[in-house]
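J.: So you can see what is in the structure, the chains are spelled out below.
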Amino acid sequence: MSLATHPTKRAQRRTSVPRIHPNYRRRMRLADGLQIIAVVSVALVIAIFLADGGAARFGTPADAITSLGVVTGLVGTDLLLMMMLLAARLPSIDRAFGHDSAMALHQSLGKPALYLILGHGVLLTIGYSMVQPASVFAEVWIMLTTLPDMPLAFVGLGLLIAVVVTSLVVVRRRFRYEAWHLVHLLSYLAVLVSIPHQLSVGSLFREGSVQRYYWLALYVGVAGSIVLFRFIVPIVRSLRSQLVVKGVDPVARGVVSIRLSGRELRRLKARSGQFFIWRFWTPKLWWQAHPFSLSAAPTGNALRITVRGLGDASAALSALPKGTRVSFEGPYGLFTDFARTSPRIVLVAAGIGVAPIRSLLETATFAPGQATVILRSSTADDTYLVDELAHLCRVRGAELRIIAGKRSPGANSWLPADAVRARITLGTLVPKLREADVYICGPRRWTDEVVRDARSAGLPTRQIHFERFDW
Amino acid sequence: MPRSSNRPGGVAQNVNPAGPPNGDGGSGAITLRSMGTVLSIRFGGPVAPELGAQAREAVGSVFASWDTRFSLYRDDSELSRINRGELRLTQASPILRDCYAAALDWRDRTDGVFTPHRADGVLDLSGVVKALAIDEAGGALRGLGLVNWSLNAGGDILVAGDQAPGLDWVAGLVDPDDRGRTLAAVPLALPLRAVATSGSAERGDHIWTAVGDGASPYRQVSVFARDIVTADVLATTIVAGGEAALARSTETWPIEVLAVLRDSSLLATAGLRADRD
Amino acid sequence: MRFRALSLAALASLSVVGIGWQMGAQLTASQQTLSAVPVAPAAHTGTAATVPNPTALGPAAPAATGSPAATTAPAAPAGAASGTFDGSVVQTRFGPVQVSVTIASGSITEVTALQLTNDGGRSVMISNQAAPILRSEVLTAQSAQVQNVSGATYTTHGYLTSLQAALDAAQF
Chain A
1 MSLATHPTKR
11 AQRRTSVPRI
21 HPNYRRRMRL
31 ADGLQIIAVV
41 SVALVIAIFL
51 ADGGAARFGT
61 PADAITSLGV
71 VTGLVGTDLL
81 LMMMLLAARL
91 PSIDRAFGHD
101 SAMALHQSLG
111 KPALYLILGH
121 GVLLTIGYSM
131 VQPASVFAEV
141 WIMLTTLPDM
151 PLAFVGLGLL
161 IAVVVTSLVV
171 VRRRFRYEAW
181 HLVHLLSYLA
191 VLVSIPHQLS
201 VGSLFREGSV
211 QRYYWLALYV
221 GVAGSIVLFR
231 FIVPIVRSLR
241 SQLVVKGVDP
251 VARGVVSIRL
261 SGRELRRLKA
271 RSGQFFIWRF
281 WTPKLWWQAH
291 PFSLSAAPTG
301 NALRITVRGL
311 GDASAALSAL
321 PKGTRVSFEG
331 PYGLFTDFAR
341 TSPRIVLVAA
351 GIGVAPIRSL
361 LETATFAPGQ
371 ATVILRSSTA
381 DDTYLVDELA
391 HLCRVRGAEL
401 RIIAGKRSPG
411 ANSWLPADAV
421 RARITLGTLV
431 PKLREADVYI
441 CGPRRWTDEV
451 VRDARSAGLP
461 TRQIHFERFD
471 W
Chain B
1001 MPRSSNRPGG
1011 VAQNVNPAGP
1021 PNGDGGSGAI
1031 TLRSMGTVLS
1041 IRFGGPVAPE
1051 LGAQAREAVG
1061 SVFASWDTRF
1071 SLYRDDSELS
1081 RINRGELRLT
1091 QASPILRDCY
1101 AAALDWRDRT
1111 DGVFTPHRAD
1121 GVLDLSGVVK
1131 ALAIDEAGGA
1141 LRGLGLVNWS
1151 LNAGGDILVA
1161 GDQAPGLDWV
1171 AGLVDPDDRG
1181 RTLAAVPLAL
1191 PLRAVATSGS
1201 AERGDHIWTA
1211 VGDGASPYRQ
1221 VSVFARDIVT
1231 ADVLATTIVA
1241 GGEAALARST
1251 ETWPIEVLAV
1261 LRDSSLLATA
1271 GLRADRD
Chain C
2001 MRFRALSLAA
2011 LASLSVVGIG
2021 WQMGAQLTAS
2031 QQTLSAVPVA
2041 PAAHTGTAAT
2051 VPNPTALGPA
2061 APAATGSPAA
2071 TTAPAAPAGA
2081 ASGTFDGSVV
2091 QTRFGPVQVS
2101 VTIASGSITE
2111 VTALQLTNDG
2121 GRSVMISNQA
2131 APILRSEVLT
2141 AQSAQVQNVS
2151 GATYTTHGYL
2161 TSLQAALDAA
2171 QF
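Protein chains in written order, with this note's numbering: chain A, 1 to 471; chain B, 1001 to 1277; chain C, 2001 to 2172.
Pulled out of the complex, with its shape left as it was, chain A reads as follows (with noise of 0.2 Å):
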C-alpha cells in the first residue's frame, strides 16, 4: 500500500499542492457560507436603515449623530445576536469552525459588540439633545419618562456593561468557571429586555414592516437554536444514551480514566478527539459541569475520558461510584480526523492534553511511518497513558517521542531550555513536517508556542489543529 501510494504522492509534491481532503474542501464550503451569512447579516441591517431613507439623515450634525447611533445599536445588536449563535453549540458551526475557534471569536466579539451598544446609547442620548435641546443629562430623564420601553433598554445595557466587566476581570483573576458562568447568562437577559424598545421607539422597525418580521425571525431563530442545541438536544441524547460510570481506572497521582457505558452511542456520531461537557449525577458534583475529551475511541456501548481534577473535584472524580448516572453536552469540537488535509499526521501534547491526542493516535488515517506523537513533560514522570501511547504507536507504526525538561524562563518556546540552545523546532523533529496536519492539545500559552514553531515552519492554517485548555 505504501508503496503504491508513494509515486502518485511524489508527483502531487513536485507540483507543490499538497492532497487536500475532500472533506477539507467540503468543510471548508460551509464555514465560507457562513462566514458571507454573517457579513451580509452586518450589511442587511445596514440595508434595512438605508431602505427606510437612513442616507437621508444625516444633513445636520444632530441628524447625523442620531442616525449613527441608529446604525451602532442595529449593527451591535446583529453582533450580540451573532455572538449568542457562536456559543449557541449549533452542529454547523462546531463543524465549520470547531468550538476553540467559535468560541474565540464569540470572545472576539464582545468587545465591539458591547462598544457599538453603548456608543448606541451615548450617540442617542447626544444627537436627541441637541433636538431637543436639553443637557445630555436631562435627556437621559427625559428618555427615561418619555420614551417607551426605555427604562428596560436602559436595565438592558447595564447588564451588557456588567457582564463584559466582570468577563474580563473573571479572566485574569481566574474566578471559578461557575462564577463567570452564571455571570454570563445576564447576557441573555440584557439582549431579552433591550428588545421591546427596538419595536417601540422610532418607526424602523414598525407594525406591519418586512424589516419588523425580518428583526424578529432573527430573535426567534437565536433564542430556537440556543434552547434546541444547549438544552434539548443535550438533554434528549443524555436520557437516550443512559450513560453510567463502569470503572474509574486510576492513571497517575489526581488522574483518572473514567470508563462510561450506555446505549446507541453510535447515533452521537462522536468522533476520537471530541469532548463532551459531562456532569456527574453524585450529591458532590451533579452542580458542575466539565469539558472533558475523549482518551480513547468511542464504541457504540463505551465512552472513555482521562481526566486530572483540580481541587475538590479531584477526589470526587476519582471516587465516583460505579453506576453514577452521567449526562452530557456534546460531541464538540474540531479536533478529529475530519478535519484533516495531508496525509501524514503529527500529535503534540503536554499534560492532561494527551487524552484527545490518545483517542486520536487510535483512529486517524495514516499509513505505517508518516504520524509522529511528541510527548511534552518537564520529567519523564509526569507524562500519562504513555503506556498506552507506546502500544498504539507500535501497533499502528508511528514514532513516539517524548520530550522532558524545563522550560527556559522567559524563553517563548514549547521546549525545554537544553532542545532551545540546539535550535531543535517541530520542523527539525518531524520529517516532512510540510506534508502533515499536526494536533496540539496542552495548556494555553505552551499550545500557543508550539502553533507559532509550526507557522514559522511554513504550515499553513488549515494543517495546524490545536486545543486549549486553561483549567
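Nothing false has been slipped in among the hints.
Some chain A residues near chain C, calculated using beta-carbon distances under 7 Å:
#1 D32
#2 I36
#3 G54
These aren't lab readings, by the way, just hints derived from the structure by calculation.
A quick note: this is a predicted structure, and the numbers were derived from the prediction, not measured.
From the three backbone atoms N, C-alpha and C, an ideal C-beta is built for every residue, glycine too.
Chain A is fixed; fit chains B and C onto it per the hints.
T.: Coordinates of chains B and C only, in the frame set by chain A:
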C-alpha cells in the same frame, strides 16, 4: 403672574408695558357684536382706516350670515325652523347640511363625545358654527389682502402672520379661578395658529357629555391647533369626554392642551411648559 | 477568512447595501415634491428644523418663534416664492419627521408634519400626553405682550368684564 391684576385697566397697562413698536392708534382693536358675543379684530401693523372699515364690514357680515342661519336664539333662523319641524334637513340649505355633515364627522372622529344632538333632541350646531364662522371670516380678511391679523370671537382665537415684524401673536389663557388673570401667555407660532377654550362652568351651551351628566373633571380646557375648528371641537370634546378624550385627542391630533382640573391643578402637553433650560 | 469567502461576502454585502441605498433614495425622492420656484434656503431648512419632533409642533417650539421664516410675512416682494415645499427629513426620537411648508406670496401659510410616526400609534401618543404641571411651570411668552385672551365662551355681557375687553379698550 406679575403682569396680571384684578382691574381690567391695570391689566391693559401690564400686558402692554411699553407698547409695541407699531403701537399707534391705527392698529388698535376693532370690536363688533355678533352671535351673542363680541368679536375683536387686530392688525399686525398700520392699516389704512378704509381697509380697517372694510375688514370690520366683511367679518361682521360673515358672522351675521352664520348667525341668521344657525342661531337657536332667533326663531326665524334656519336651524330653529328645522328644530320646530317646519323644515326637513333634506330641504335645508347646502351650507347647513355641510355644517351638519361636518359636525357628524367630528362626532365620529371623537368617538361620539362631540355631538350636534343636544340631550333634549334639539339639533345644535353651535359647537362648530362659531369656529366655521371664524374660519370664514379669516378667509375674508385674507381676501382683503390682509396678512397680519388676529380674530377673537368670544375667546376663540385665530391668527395669521405676526403681531409685529418677527413677533408672534400671543394669546393669554384665562384663569378660571380669577377671570381677571391669565394662566399662561402662549405665542401662536406656526403651525398652531388657533386656540379655543371650553369650560364646564360657563354657559356650556354646546357641551354635552357622552354618558349621563358626568360632571367633567376639567373646569377649563384650552386647545391649540392648526385650525380653529379643530381647536374648538377638541376643547369641547375634552371637557365633555374627560380623561379618555384628552388622551385620545393628544394622541390623534397635533395639538397642545392646557386643562384646569376641578381642584385648580393643571395638566399640560409638553409644548405648553416653560422651557426646560 | 479565506479569499473566496471574503470576496463573496464583500460582493453580497455591497449589493445588499446598494439595494438598501436605492430603496432609501427612491423613498426620499417620492417624499420630495419640490416646486420649480426656488425658495430662500433659510426659510426652507430653517422651518424644517424648527419642527424636529411632534412635541415641538406646539406653539412652544422655541426655534419656531425666532424662525427667520416667521419674519418674512408682511410685505411680499413681487415674484416671491409660492408653493409647497418639503423640508428635509428630521430625525427625532419618535422616528423621522418631515415638514411640509406652504408658502403663498412669500409668507408661510401652513406647516404640516408629513411623517409623524404613528404607524404603531404608540410613539406619538406617548410623546404628547398632557401631564400634571405647576402653575409656575406654564409657558409664559417672553414678550409678555398679550393681544388676545382665550377663555370659555364670553357672552356679550361677560365680555364687558373680561380681560379681552380691557385689552381691546387699551389704545394699541
